[in-house]
Each structure stands twice: as structure tokens, then as C-alpha cells.
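*Asks:* Here are the chains, one letter per residue:
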Amino acid sequence: MTPAGSPLGYAIIASLLQVVLVALGGPLLMGLMAKVRARAEGRVGAPIRQPLRDLRKLMGKEGLRAHHSSVVLAVAPLVVLGSTTLAVAISPLVTTHPLLSASADLFVIVYLLLTGSVAMALAGLDTGTAFGGMGSSRAITIGALAEPALLVAVIALSIQARTSNLPAIVADTITHPVWSSTPTRLLALVALVIVVIAETGRLPVDNPNTHLELTMIHEAMTLEYAGSDLGLVTLGAAMRLGLLFALLMNLFVPWGVATGHTMLALPAAVMFLTLKASLLAVVVSLIEVHSAKLRLFRIPELLAGGFVLAVLAVITQLVAR
Amino acid sequence: MVLFLAGLGFFVLGLVAATVLSIERRVVVASLGGSLGCLLIFISASQVLLSGRTTSFHSSLVLPLSGIDLTLDPLAALFVAMTSFVGVATLVYYVGYARGELRTRTALSLMLLFLTALLCVPVASSAVTLMFSWELMALSSMLLIVVEQRRHADARVAAQWYGAMTQLGAASILLGLLLLSLKGGQTFGDIRSHVSLMSPTLRSFAFVLTLIGFASKAGAVPFHVWLPKAHPEAPSPVSALMSSAMVAMGVYGIVRVGSDLLGGGTLWWWIVVVALGVVSALFGALHAVTSVDLKRLLAYSTIDILGLVLIGVGCSGALSATGHPGDARLTLIGALLLVVAHAAFKGCLFLGAGSVERATGSRSLEQLGGLIRRIPITTALFGVGAVSIVAVPAFSGFTSEWLLLQGLLHGFVDQSSPTLIVLLVGVIALALTGGLTAVAFVKAIGVGFLGQARSTGAASAHEVPRMMQLGMGILCVPCVVLGVAPGLVIPLVSRAAQVGSTSVKARSVETGVGLTLSHVRGAIEPMLLLAGFMVFVALISGAKSLLRRPARTVEAWRGGGDRPSARMQYTATSYAEPLQRVFADVLRPEIDVEVTHAVESHYYEQSLSYESRVDDAVERLAYQPVIRTLTRVGLAARRLQNGSVHRYLAFGFIALLIVLVVLA
Numbered sequence: 001m002t003p004a005g006s007p008l009g010y011a012i013i014a015s016l017l018q019v020v021l022v023a024l025g026g027p028l029l030m031g032l033m034a035k036v037r038a039r040a041e042g043r044v045g046a047p048i049r050q051p052l053r054d055l056r057k058l059m060g061k062e063g064l065r066a067h068h069s070s071v072v073l074a075v076a077p078l079v080v081l082g083s084t085t086l087a088v089a090i091s092p093l094v095t096t097h098p099l100l101s102a103s104a105d106l107f108v109i110v111y112l113l114l115t116g117s118v119a120m121a122l123a124g125l126d127t128g129t130a131f132g133g134m135g136s137s138r139a140i141t142i143g144a145l146a147e148p149a150l151l152v153a154v155i156a157l158s159i160q161a162r163t164s165n166l167p168a169i170v171a172d173t174i175t176h177p178v179w180s181s182t183p184t185r186l187l188a189l190v191a192l193v194i195v196v197i198a199e200t201g202r203l204p205v206d207n208p209n210t211h212l213e214l215t216m217i218h219e220a221m222t223l224e225y226a227g228s229d230l231g232l233v234t235l236g237a238a239m240r241l242g243l244l245f246a247l248l249m250n251l252f253v254p255w256g257v258a259t260g261h262t263m264l265a266l267p268a269a270v271m272f273l274t275l276k277a278s279l280l281a282v283v284v285s286l287i288e289v290h291s292a293k294l295r296l297f298r299i300p301e302l303l304a305g306g307f308v309l310a311v312l313a314v315i316t317q318l319v320a321r
Numbered sequence: 322m323v324l325f326l327a328g329l330g331f332f333v334l335g336l337v338a339a340t341v342l343s344i345e346r347r348v349v350v351a352s353l354g355g356s357l358g359c360l361l362i363f364i365s366a367s368q369v370l371l372s373g374r375t376t377s378f379h380s381s382l383v384l385p386l387s388g389i390d391l392t393l394d395p396l397a398a399l400f401v402a403m404t405s406f407v408g409v410a411t412l413v414y415y416v417g418y419a420r421g422e423l424r425t426r427t428a429l430s431l432m433l434l435f436l437t438a439l440l441c442v443p444v445a446s447s448a449v450t451l452m453f454s455w456e457l458m459a460l461s462s463m464l465l466i467v468v469e470q471r472r473h474a475d476a477r478v479a480a481q482w483y484g485a486m487t488q489l490g491a492a493s494i495l496l497g498l499l500l501l502s503l504k505g506g507q508t509f510g511d512i513r514s515h516v517s518l519m520s521p522t523l524r525s526f527a528f529v530l531t532l533i534g535f536a537s538k539a540g541a542v543p544f545h546v547w548l549p550k551a552h553p554e555a556p557s558p559v560s561a562l563m564s565s566a567m568v569a570m571g572v573y574g575i576v577r578v579g580s581d582l583l584g585g586g587t588l589w590w591w592i593v594v595v596a597l598g599v600v601s602a603l604f605g606a607l608h609a610v611t612s613v614d615l616k617r618l619l620a621y622s623t624i625d626i627l628g629l630v631l632i633g634v635g636c637s638g639a640l641s642a643t644g645h646p647g648d649a650r651l652t653l654i655g656a657l658l659l660v661v662a663h664a665a666f667k668g669c670l671f672l673g674a675g676s677v678e679r680a681t682g683s684r685s686l687e688q689l690g691g692l693i694r695r696i697p698i699t700t701a702l703f704g705v706g707a708v709s710i711v712a713v714p715a716f717s718g719f720t721s722e723w724l725l726l727q728g729l730l731h732g733f734v735d736q737s738s739p740t741l742i743v744l745l746v747g748v749i750a751l752a753l754t755g756g757l758t759a760v761a762f763v764k765a766i767g768v769g770f771l772g773q774a775r776s777t778g779a780a781s782a783h784e785v786p787r788m789m790q791l792g793m794g795i796l797c798v799p800c801v802v803l804g805v806a807p808g809l810v811i812p813l814v815s816r817a818a819q820v821g822s823t824s825v826k827a828r829s830v831e832t833g834v835g836l837t838l839s840h841v842r843g844a845i846e847p848m849l850l851l852a853g854f855m856v857f858v859a860l861i862s863g864a865k866s867l868l869r870r871p872a873r874t875v876e877a878w879r880g881g882g883d884r885p886s887a888r889m890q891y892t893a894t895s896y897a898e899p900l901q902r903v904f905a906d907v908l909r910p911e912i913d914v915e916v917t918h919a920v921e922s923h924y925y926e927q928s929l930s931y932e933s934r935v936d937d938a939v940e941r942l943a944y945q946p947v948i949r950t951l952t953r954v955g956l957a958a959r960r961l962q963n964g965s966v967h968r969y970l971a972f973g974f975i976a977l978l979i980v981l982v983v984l985a
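Those protein sequences? They're chains P and C, same order as listed.
Position one of the first sequence corresponds to residue 1 (the numbering used here), numbered consecutively onward.
Position one of the second sequence corresponds to residue 322 (the numbering used here), numbered consecutively onward.
Bear in mind the hints are in silico, worked out from the structure with no lab data behind them.
Since the structure is predicted, the reported quantities are computational estimates derived from the model, not experimental observations.
We put the beta carbon where it would ideally sit given N, CA and C, even for glycine.
Treat the hints with care, as some may be off.
Here are some chain C residues pointing at chain P (derived, C-beta under 8 Å) [as the list claims (entries may be wrong)]: (1) Leu-326; (2) Gly-330; (3) Leu-771; (4) Pro-899.
Coverage of chain P stretches by chain C, computed from C-beta distances (three or more under 8 Å per stretch; other residues unrestricted) [stated by the list, open to error]: (5) 24-37; (6) 65-75; (7) 109-115; (8) 122-134; (9) 160-166; (10) 189-202; (11) 271-279.
Chain C with its partners taken away, still in its complex shape (with noise of 0.2 Å):
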């Protein structure tokens, strides 16, 4: 706990650089200082994990009334570890990236109390510290999306929705924790320990409560209509952040509540969580596949991938409610492992989607092309976090879900059809999921960094900075680490898994040169596997080598036509327009066609123009009715006042009445 507070103590001195010193000088110093500060967290963190002991700190000067209580055990130790790995690299990237508004002693500030706040929720052990670290967090994030607001017009909207729903699903934790606290403290450990004295329906209000804010933060469909949006229009390092880590807080949240907090509660509450996991992981999949703009591509297959986490938590919230505590805690492991891996690769990709628009000057893939031989470096480290995602073997993205598919398949051992329903919907969420990941990623890469360049910016593209490259490589490394040695951290990560009840002799992974599932059969050795490939491509390219034909460079083919010119090629949209088509139900995609017809004759036609756009079909059928309404209201309100001092005298005398009415 000295480390975490000696870290914490580096962010200050960091955001004193910030304010204080000049511009040249500001950003290197301020991300120094919050660098250091994330490494000692780290290390706190990472003692914390090996050790499985917990400290805790409180102190009563820092927030008056209650004071803060602040508690690392393993749970929130993996939640600080990711989080402060993710944020060194952020703020590597942040040295490079850095230009105008972002160098600004504002932005830098944010930056660094954002980062802090990130750490500060999964610490904070009472309800009162929660809620500052939560509100500190949504308020520095919505406030460094609109730092770029001059040049990208649609910051602002995207902040005023963000705004609106981190305020509403605070709200809603908020209720929920006082709803937690009415038998005793605030503190985390007097909930537990009066937990059992609430009756179960309160108990389950204060759960969904909870829920509903805290999936709404993880980007759970039907409350995800922000994350779309400020996403892509944070700059990119916060992007980084928010999509990596703060989501992540999400899942946090409703484990630390659920299985934590309110000891497991019942059955229902995983279903719900469940249900919400299974259509966010559908719904982000599909919108990845048809995004053009790349980073809002990476914020759909964000809601994705937090989707199949919100799949594992719950079906392992259901396994332990049903008496299964050993399956529950397998699938906890794999659910967790994929929160790390999606830390890590989401990370550099996001940061990768803010590489290319630093080096092209647009984030639309329509826009892009031909950056592999422009921006090689970049490429290559955008390639890694995709192939991650794409959960390619031997990278994080495989491990993590093979785990976590092990542990729902060995779910199946329960009676109960409930939970069978559940793990079936579950398993076959991931199956329908894996293959639509891999068409958005391989459209990422094949048409924004393969193929010709489709316009100018792009042709005339620039390796960025060393430090932004740095920033992504940092971010490389557990993806291929998680991926060929998950066998390094899945002790860590399985101590962290251990929340609720501590005392089941639960399923394990053992770890040797792969992953074994004790009890079950089941087993995966990536390094071998990686080997094994390896030798078999060596081998494959020294055969071919042998042959001793080297190939010549030719026009590619252009069947008898024009030279192939970059328009020729499939674009982004052409791309995906054979999914858009088959999930047009779901998708509901607008496509205007006009054609104007030749003057001479009506079989001819002069132009032809066709446009189609896959808007978020919950936020026009659920949002959009409501805000309309709001908006109608608002304006109708607008009337009462004209600005007259009479007829607000009037209004005054009349609300006295009212009062005196009620009164007497």
C-alpha cells in the first residue's frame, strides 16, 4: 500500500510539472512523473497478486465526513496492474502524440487525474470513495474528449451523450451502494458483514442498481449508445484509456457488487447478465464488421469483446448459484484473462487507429490503403493487436477464450436447465462472435493497410515518432506473452478470480510449459504449438528456396481493362456489404439510390448515386423517441418564460401560495 501511495504521490508531482513548467518541457516531465507513478502501482499491485495478501490504507483528512478507505486486495490488484501497465504506455505514446491542445497544462492535467481515478475505483473499499474515484473518472474522461473540440466538430455531441450517460449510470450505482449501506457503514467490509441481514429483495434491487450503471460503463447493449461515439472522438490515447481500462471497470464493478459485496446472490441476476453479455457481444460484432471509420470499428468490437467478458462473469455468477463453485471460478479465470487480454491488444490498436490518422490525416478507411509499405512499423504492431483480437493460437486473444470456453463446456456438467440454457446461449454467442471478428479486423487491415492508397493523405503517409511506436510496442508485448506463456500469469490471474467464497477447493489451472485443466481433460501448449509452426514454415520456405526461382514483380492482373487504379478496389463498405446484406434485419441499414434518368429517353440514365449508412438501430429506436420528447418538453417549458419580471413575480406568489396551501 506504501508503493500505491508513493505512486500516487508521483501523479501529483507529475500534475505540480504540469502546471507549472513550460511547454517544451511539460509533456515529458508530466508523463515521466506518471509514468514512475504507474510502475510503483504496478509493483504494489504485483506484490499484492503473488503474495494474495491485502493491505488497505484510510484515512480521514482526504474527504471530509467519511474519509477514504482504500483496499488492494487480489481482485482489484489485477484491475491496478492492468491499468497502470496500459497506462505507462499510453503516456509513452502521449510524449509523441501530443501536439497543440493536448500540450496544454488543462489536457496534461486531465490526463493524469483520469489515469488516477482509473486506479483509484477498483482500491476504493467503501461506497463514498467509489463514487468520488467513479465521478472523478467519468468527469476528466468527458472532459479530455472535448480537449480536441475545435478541429473534430463531433466531439462535442459525443461528449454532451457520454455526459449524459456516465451521470445517469452513476446515478444508478449510487442508489444502489445506499440502498447497500442502510443496515450499517459504508465501508465494503460493513456491507459484507450486513449483507445477510437485508431481505433478498433488497438485495436484488441494489443489484440491479448497480448493474445497470456499471454495464452501461462496460458497454453493455442496451446502455452502450455512448461508448460508439466518444470513443472515436477522444483523442487517441485517451481513447486507449477509456476503451481498455475504463471499460474494464465495468466488469469490475459487477463482480466486486455481485459475487463479492452481495456474496453471489441468486440465480436470476447472472441470467440478466447473461442476456446483457449476449446481445452486446452480437450487436458489437456485427456493427465492427460494417464500421468504416477505424476507430469506431475498434469501439464496436470493443462492446464485443466486453460482451463475451459479461458472458463469462455471468455464467460464472449462474455455475456458482447452482452449487458449482469449482466450474464457476474456471470460468471466471478465462472471463478475467480476456478483460487483461482485451487491455492489452484494444490498447494498441486504439492507439494504432491514432497512429494512422496522425500519419494520414483520416481515420476512414475509404480514406486509407497502402500503409504497410508506408508506415511498416506501425503496421506491424497494429498487425500483432489484430491478430490478438482475431484470437489467432499462441496470441492473447486465443488463450483467453479458450479458457474461457473451457470453463462454460465444463459447466454443462449442471442438471438444472436454467443454467443449461444459459451456458448454451452463451457458448454459442462466442461461436457466432469468433467469425464476424475476424471479417471486421481482416477489412481493418486489408483495406486500410493493404492495397493501393485511396487518397493522397495516405499515399503521402509518414512513420510517426519514435515514442508512439514505443507506446504500442509496450502493449505488444502481453499480447504475445499471454499468448505463447499464459502459464505466467494465469496464478495471478486465478488468485484475483478467487472473490466471494474463498474457501472452495475449486478447478484449477495448472501451469507448466501450457495450460492443464486439473479435473477435466484439457490442455494447451502454445509455445509448443508456436514451435511446431515455426519448424514446419521454415522447413516449408527453405523447400521452396531450393528451387531457386525468384519472382518478378508484373502488372497485376487487369482482365484485358484500364491499369488497375485505386478506386478499382473493394472499398471498406463493398467489403462488408455481403454481412450487411444477410444481417440486414438486425442491422436495418439505410440505402438511398437516385437515379436520374436521361432527358432523351427514360431507359437511360444520366447519374446514378448510392448511398448507405448503418446507423445504431437501439439509439434511433430507443434513444432518439425519448430525446425528442425531451426536446418537445424542454421547448414547451421555453414558453413559460418570456422574460417578463411580472409574470415571474407571478410565478413567485403563486408557488408561495402553493407552499402556504400544502403547509396549512
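Extracted from the complex, chain P is given alone in its bound form (with noise of 0.2 Å):
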């Protein structure tokens, strides 16, 4: 919750600083992984900035837009990359005083991006092809299996905290540092990171380079997208990713984070925010190039797993207390 008098200057150059990191850091870290499992497979890979220069080549595209395709096909792209803006915008990124810091609560967080999700599961079926019906279906099947995992474990850690406002949480632990290592956070650690995988579409759950067509999950879903919609999409997704990397990092090892109001702290926070998500990035795509992609019906099981883990997280709390 933001203290009385916080000044509203700082909060809003923090949160366009925040919006402008995650914009140009999400689509970095994607690279980051694509190159990080290129040369753990033994080859060179694509320069990092590649998803970058991919962006601005579909920005300078033109748009096609499907016969049969409604408003929705139009909308979705904005709704998706609105909301995620928005949670980038008030999540305790780089700082625990964004602006409206406290309506960022963990459900709203949660459900702002589920509001993306449900805008492109519905753009999927706009089309009417068999393509994206079949990505829509799957993606949010996942969607609405990795939901209570996600709320069981922001709840357990709630639950900890007293509150489920998210910068409340990031700055108790900092001055509570023991938090980040008692069971119910490493619990709620391992059944986030399954979400986040899950969430992001990263393998084993789904695999960001397919296009194959009984594999694809996302890309099936935003098949009909083409140019600068699809520029908007890509970025959403991986804005997405983003501010899911960097907020797992925040809530578990919230140092480097900046909690008073002074300007001169947030290059600092940057730097530090850029090391832990990198980080993250590196490990998750350790990850990736040594597992294969589940067969769609094996992923409710891991997600079922991400569901217990979030239980015991929870149970954990109350009974330690």
C-alpha cells in the first residue's frame, strides 16, 4: 500500500520506466533463451535481439484480417497488450511505490492476466478455422488448469504476509528476509514456476518454435494474425513473459528492489532486476533443452502437481504459525 504522501512524480516515471523495461526486456529475454539453447544444442543461434528486429519488421507490415473475422480479431491485440501493460505498469518491478500501488493486488494482477488470456482464446475462434479453435480450446483448457495452482500459491502467500497486496508482500520480505526461505515459499516457488511455464507457453507445456500443426498451442491460436496485429500479439506475449519472470524473482528474492523515493535507487533496481530475470531465463531454457514436450493430456498432471505443491504451501503457513 502506498504510504500517505508518496509523491506522485516519482511513481509515475517508475512506472513508465517499468513499462519501457518490461517492454524492451521481455522480447530481450525471449532472445536470451532462444540463444541460450541454441548453443547448449551446439550451435550458434540467432543474435539476442532478434525478437526485436522481428517486432519492428511486423510493425512495418501490413495488417490481413480474415473473412468471417469479427471486431474481436481487431480488439484482442489491444485488450491483451492493455492489461498487460497495466500489470507491468503496477506490479513492484523496479520499485514498491509504482503508481496505483495499492490496487496491485496479487488477484488483480492474476486476473488482468487472465483478461488477456480470455480476449485471445476468444480471437482465436473469431475466425472460424479449425486452426484456431484448436489453439483457443487448448490454451485456455491450460489456462483454466494452471488458474488455481496460480491463485493457491499468491493465496499461500498471502496468507504469509497478512495481505495480498504485492508490494506490501516485496517490501515485508525485504525487511523480513527470513520469509523467502521458510517451506511455504519454496512450496509456492516450485507451484509458480510450473504456472509460469505453463502461463508463458514454454516447453514442456507448449513449444514456442512449433509449427506444427497437432503441437501448436499458441501459435494455433494466433494463426490468423498477420503484420502489426501480430506485432502487437508477439509483444504482448512477451511482455507476458516479462513481468511473469521478473515478478516470481521479486516475490522470492526481492533484494535490489528499491522501496524509498528517491530517483538515484532505480538505475540500480534496473541492473538488478535485469541480472535476476536473466537469470531465470537462463535456467527455464537449461530446463527446456532437456525436456521433451508433454503430450497434451500429461500437462493436466504437472499442473495437478503445481496444484498439491500450492496446497502444502498453504497448509504449511497455517500449520508453522
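Both chains are sitting in their own frames, so use the hints and assemble them into the complex.
*Replies:* What follows is the structure, encoded as C-alpha cells:
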């Protein structure tokens, strides 16, 4: 919660900084993950800034709309990007006092991300093609199964901090370093890693590089997008990845996040965040190298595992008091 | 109270108009009378909510022996205000919707009677008045289901199920209220003052008996079987009233009897309520995902949301019983706000389903598609309802679920393990249903309104009359207002949540731009969130338009195959198939695959038919055996009656003998 008299100017600058950081950093994280993967597989791989170049290329292309599509297809990228940007702006990424930090409730963030998923799922159905429906059905199934694990893990953290306000949880963890190594946190961490992998469509849940009809999930859903619309959708997905990685790290290793109101702390906070998120990206991509994509109907088992861990996190928290 | 009675007077005028006027005028005049009545009643309820002053009325003229007792206290006023609001919207909708049988005197009078009964249930303040209005509500709605039975063959079966279940429920409530009235009078005031004299066992008996009846009305599993039959088969304005206002009366009853009349009771009562809620929420959400009939989907989602409400009510009761009245009240505010929000969005959705049925002639999602281009206004209004129920931030569903979650979350301060387990299970159920509800409504919108038309009816759909759109539009207002500016309503709801112990210095919700919880750190400012979202969307679309690249319309990608046809789209069944498979143990789908092999070789298939059906497992496993047994007994008893006068005389003689023997 914002303490009374939090300077508005600081909050605006910090929020804008977060948006720019994630808008640039999200695609770069994707590039980094592709690079690490390529190196681990013995290839050179594309440069890390390749996703940004792709985005610039897409933005310059003309958009294509399928017959039978409606306003939903055009609006969905805006909703995805808008809701993700809002979530980025209010989350405690580089500072615990961004704009609207009082409203930066964990449930708000979770449901903002859900709003984006719903918009994409509707866009997948909008053109009335088999691929769109297939991707949409699969994506929303995985989303619906990841949702409980996510919410329960979030609830475990909230019970520990006695609030579901995200900046407050991060700030409290900085002042109570012991919290970050309690059993609750560790169990919730594993659960959240599983959820983040599912939500960002990484292996073993979804293969971001596939264009094979039977295995695509996110790619099938966005198949009818082209040009600048595809650019927005891709940017939205990248920002979502950036946000989730950054949040995950800040919830468990919050050090480096600026807690005061001085602008001078921000550059250091940006550096810390970049380091932490890159570290997580490297770890996740190394996991990816060593895992094969799960069959669609094995994914629920993985997510159920995450859910059980999250429930255990809540129970350990209740027992530990 | 004067305004309330004046409102009822307008209902009487409407009834007279419905029976006297010619068929051209009667629908409009009766609906106008009812709407004016609702308006007056809404004002009188708002007065009570704003001032917190309770008013009551007694008359011995209406019902012989006991008379009627009406009391408008804040709890009742909340439900009355909600019902009258939905009432106006459905009556407006009715004007555009009524055709054929719905324009008859019977249908119109029943509609007004049903609404009157709904408004009287929460106000009733004696056992007799409550039972009278309860039965009026049940009977009028049951008859409304069969009004259109000539065109809907399933309506009769639905009405039979509904009639049986509602009468069993009413009998149970009646028994419970009788037990409560044993020690003294039957007015609620008497019951409140005598309840401390009753033994705890008797009180528990009374609570459980009323709970069965009220929970059945609220669609709690396993007493829900009537709901997914009756709500879809009723004419849409009636479904809207049933699903938004009538099911809420079940919740009202539980709160009134449990928290108010019985003064809170013991922990295990509320554990039972939470258990009912958890099972209902999960069961309802799963069936909503797999339903193909749009109105059936909505009916199961009603079971789901009412389950969440019961979780809230139960957790609130449990916290109150273990000495945490502050947290209890916060949870109850969340639950009641969810009831109000549900009334608005579910009413809007059911009316929307009625519009879709009117426009396309079908309510099966497999026959719809592409409606967003044919009936854009109805689609947009339905979309507002769907977005609210999916709990998108800044819509009513989100605000109420957030408040409910906060209540549960801060209830974890309690140290006793039964309460903790109850809260934990409640929170988990809330988490599990969130995603499933999203799937159900993405399916409803994506398959029903987007894509290509799957039938000629959907391809040639025409926008419905303005009055029907207006009816839906009225209900969209609270969906947005409750979400964006919940501060307007929260003080009223929190006054209504002050049942039972009124002197408690409770945890409150402070209202400013958004909601701030006192005592704990928790706040949301939906209006600012919405503004932030709007700014970002404006910036993004502004930046995009700078690119000056207008989109070109092309054919959808077809992977080198034929032109994509409507039959290639994902159907509602296939959309939900992954989840149906994941939850097959609960849903127990029946899948029949029939393969006919070619004559020439066993390895070639000539034709293949695949049928998958998801029936209500509770109905199949718990109710059908009972019905089969009853039928068998009935058939056996029929053998006693062969039409011979001699045999009947013999029966009479034997009965007389038995009576004489017993008396001697």
C-alpha cells in the first residue's frame, strides 16, 4: 500500500520505466532463452536482439484480416497488450511504490492476465477456422488448469504476509529476509515456476518454436494474425513473459527493488532486476533443453502437481504459525 | 412501508389490467403497472438501506387466523431492491418478448404474481407469511414453466421435477419453522425472543430442515437437479427472474434463519453450508463447461456462483461462531455483493439467451455462430454480462469475488483448526472455479457469437425488438457500476450484512475512489485501474495508427485445403473436450462410438458415428434409483385397483374392521 504522501512524480516515472523495461526486456529475454538453448544444443543461434528486430519488421508490414472475422480479432491485441501493460505498470518490479500501488493486489494482477488470455482465446475462435479453435481450446484448458495453482500459491504468500497487496508483500520480504526461505515460500516457488512455464507457453507445456499443426497451442491461436497485429500479440506475449519472470524473482528474491522514493535508486534496481530475470531465463531455457514436450493430456498432471504443491504451501503456512 | 404497499397496489392494478384489457394493450399496460410497482418498492427498499431504519406492517385482514406480517429491515431491503431492479428489466424485456401464449391473461397474471411473491418473501416476518409467499413463488413459477409447453415438449417434465423438488423443499422449511414456533408465536420477533429457550438439538434440527429447503432453492448440489431442467425450459424473462432473484431467496433464507433467527448457531452448521457450497461450485462450473445448450450452461453457472455465495455465507457463519464477528461480516458483505452482482449479470445473460433464441430459433451452441455480425447489440450486451461473470477487473464479478476472497483470506487469523480447514477448502474451491467459469463463457461467446454461422437460423438472424435490448441494457448498468464504482453500493450492502449481532465493532470497508479494508492492508481502485487501461489502449492504438497500414481483408488460411466451411470450426463439444477428458471421473460422460465396417474388408470403415453426452451424474446415481423404486411401487399398487366395485367394497369393509379392532 502506498504510504500517505507518496510523490506522484516518482510513481509515474517509475511506472513508465517499468513499462519500457519490460517492453524491451521481454523480447530480449526471449532472445536470450533462444540463444542459451542454441548454445546448449551446439548451435550458434540468432542474436539476442532478434525478437526485437522481428517486432520491428512486423510493425512495418500491412495487416491482414480474415473473412468472417469481427471486431474481436482487431480489438484482442489491444486488450492483451493494454492489460499486460497495466499489470506491468502497477507491479513492484523496480520499486515498491509504482503508480496505483494500492490496487496492485495479487488478485488484480492474476485477473488482468486472465483478461488477456480470454481476449486471445476469443480471437482464436473469431475467424471460424479449425486451427484457431484448436489453439484456443487448448490454451484456455491449460489456462483454466493453471489458474487454481496460481491462485492458491498466491494465497499462500498472502497468508504469510497478511495482505494480498503485491508491493507490501515485496517490501515485507525485504524487511523479513527469513520469509524467503520458509517452506511455504519454497513450495509456492515451485508451484509458481510450473504455472509460469504453462502461462508463458514454454517447454514442456508448449513449444514456442513449433509450427507443426498437431502440437501448436499459442501459435495456432494466433495463426490468423499478420503484420502489425501479430506484432502487438507477440509483444504482448513477450511482456507477459517478462512480467511473470520479474514478479517471480521479486517475490522470492526481492533484494534490489527500490523501497524509497529517490530516483537515484532506480538505475541500480533496473540492473538488479535485469540480472535476476536473465538468471531465471537461463535456468528455464536449460530446463527446456533437457525436456521434451508433454502430450497434451499429460499437462494436466503437471499442473495438478503444481496445484498440490500450492495447497501444501498454504497448509505449511497454517501449521507453521 | 407505505411505498412498498403502494408498489404492491400497482401490481394489483397490473393484474386487473392483464385480465380486463384487450390482447393488444394488456401486455404493455400490465408490464407498465408492474414496473411502476417495482420502482416504488425499489425506492422504499433504498430508503431502508440508506437510513438503516426498519419498518413493519401487520394486517389481520389478508390471511385468516394469523394475519400477515411484513418487515422491511436492511437485510430484506437488499434482496427487495435487487429483485425489484431485475423485475423492471424483465418486465420491459417481456413487452418485446411476449408472443403467443405469453400474451394470454394467464401468463401475464402469473408473471406479476411471481414477481409479487418474490418481493414478499424477504419482507415476510412470520412463519405463515413466509410460507404463503414462498408457495406462491413456487407455484406461479412452476406454472410459468409450462405456459409454452405446446412448443417446448421438455417443459412438462421440467415442471414436474421442479414441482416435486420445490414442494419437498417447502415441506422441509415448513417443518423447520414449525419447530421454531413451538415455544411461542410464529412471528419472527417471537421466534427471536424464544429461541434461547430451545434445546440445542432442537435448534440444530430446525436449522438443518430449513437449510435443506433453502439450499434446494439456491441450487445446492445434491438438491439442484430441478435447476438445470427448469431454468432452461422456462420462457426467458422467467428464467432470468428465477436465476437471478429466486435462487437468491435460498441464500436469504439461510442467512435469515441461521444468523438472524437462530442467532448464529454452532460451527458445524456452517461447515455443512460450506460443504454444500464447495460441491455446488465445482459441480456447477464443470457442467457449465461441458453444456452445449446456452441456457443450460447459464443454469449450471448459476449453481456454480451460488455455490461460491454459500461458501461465503458458511465461512462467515463459521467465523462468527468462533468469535470473529469482524471477519465474519467482511465475508458476508462479499457474499451478499456477489448475490447482487450475480442477479444483474445472470439476469442479463438469461435475457440475452432469450434474444438469441428469438433471433435464431435455437439455443444450442452447435446451431449458432457468427451472431456478432447479425445481432451486434445483443452480442455486446451479452458480452458485458459474460465479462462480469468471468471476473474481469472493473466489472461487478471481480469486485465481489475480490471482497469475498479478502474476507476468507483474513479469516485465516483464526486459530481453531476446523475453521481453518473450512476456509482453506472454500478458498481452493474459489480458485478452482475461476478458470472453469472463464472457459464456459469463452465457449459461449466464441462458439455462439463468433466465427461462422452453423445453421440457416443463425445465418439469417435479425436483431430483436428495442424493448428486449433495453431490458438487457438495464441489467448491464449494475454490472458496470458495481465494478467501477463499488463504493456507491458497499455501504448499503454492509448495512444489510449487519444481521444478528449488531453491536459489533466490525471490520469495515471504507469507500473512496475504490475500496479500502480497514484493519488490514487491502484495497482496489477499479476506476483508476480502468482509467489506466484506457490510457494504455489509447496509446497503443494511437501508436499503431501512426503506422498508417490499414488492414486488408483476405481469406483465412486453409492449410492448402478447401475453402474453410462452417463445419470445420471447433464445435462447443470439441471446445470443451479436453476439460471433459481431464475431469471424466467427475463428469462421467457417456460416449458411444459405432463403427460399421466395409463388406470387403474388416480394415476399412464404411461409417462411424460418435456420440458423447454428459448427463447429471447426481441425478443418475441418486435420484433415478428412487424414482424407479417409486414407479415400481406405484405399478404394484395399481394391481389393487381393477375397477371392480366388489373389490372396493371389500377394501372398505376391511378398513372398517381394522379401525374397529384398533379402537377396541
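*Asks:* Does each hint hold? Answer for all of them.
*Replies:* So, going through the hints one by one against the coordinates:
Because the closest C-beta pair between Leu-326(C) and chain P is about 43 Å apart, greater than 8 Å, the hint is violated. A distance limit of 8 Å between C-beta atoms decides the matter here; for Gly-330(C) the minimum to chain P is near 45 Å, and the interface restraint is violated. Checking Leu-771(C) against chain P: minimum C-beta separation of about 5 Å stays under 8 Å; hint holds. A distance limit of 8 Å between C-beta atoms decides the matter here; for Pro-899(C) the minimum to chain P is near 4 Å, and the interface restraint holds.
Coverage of the region 24-37 of chain P by chain C is violated [criterion: at least 3 residues with CB-CB distance below 8 Å; count 0]. By the rule of at least three residues with a Cβ nearer than 8 Å to a Cβ of chain C, the coverage given for the region 65-75 of chain P holds, with 9 such residues. Residues of the region 109-115 of chain P lying with their CB closer than 8 Å to a CB of chain C number 4, which satisfies the three-residue condition for coverage. Three residues within the 8 Å Cβ limit are the bar, and the region 122-134 of chain P against chain C gives 12, so the coverage statement holds.
Proximity of the region 160-166 of chain P to chain C, defined as three or more residues with a beta carbon under 8 Å from a beta carbon of that chain, is established by the 4 residues found. With 0 residues carrying a beta carbon less than 8 Å from a beta carbon of chain C, the region 189-202 of chain P misses the three-residue requirement, and the given coverage is violated. Coverage of a stretch by a chain is defined here by at least three residues with a beta carbon nearer than 8 Å to that chain's beta carbons; for the region 271-279 of chain P and chain C the count is 0, and the condition is violated.
Hint violations for this structure: numbers 1, 2, 5, 10 and 11, all remaining hints satisfied.
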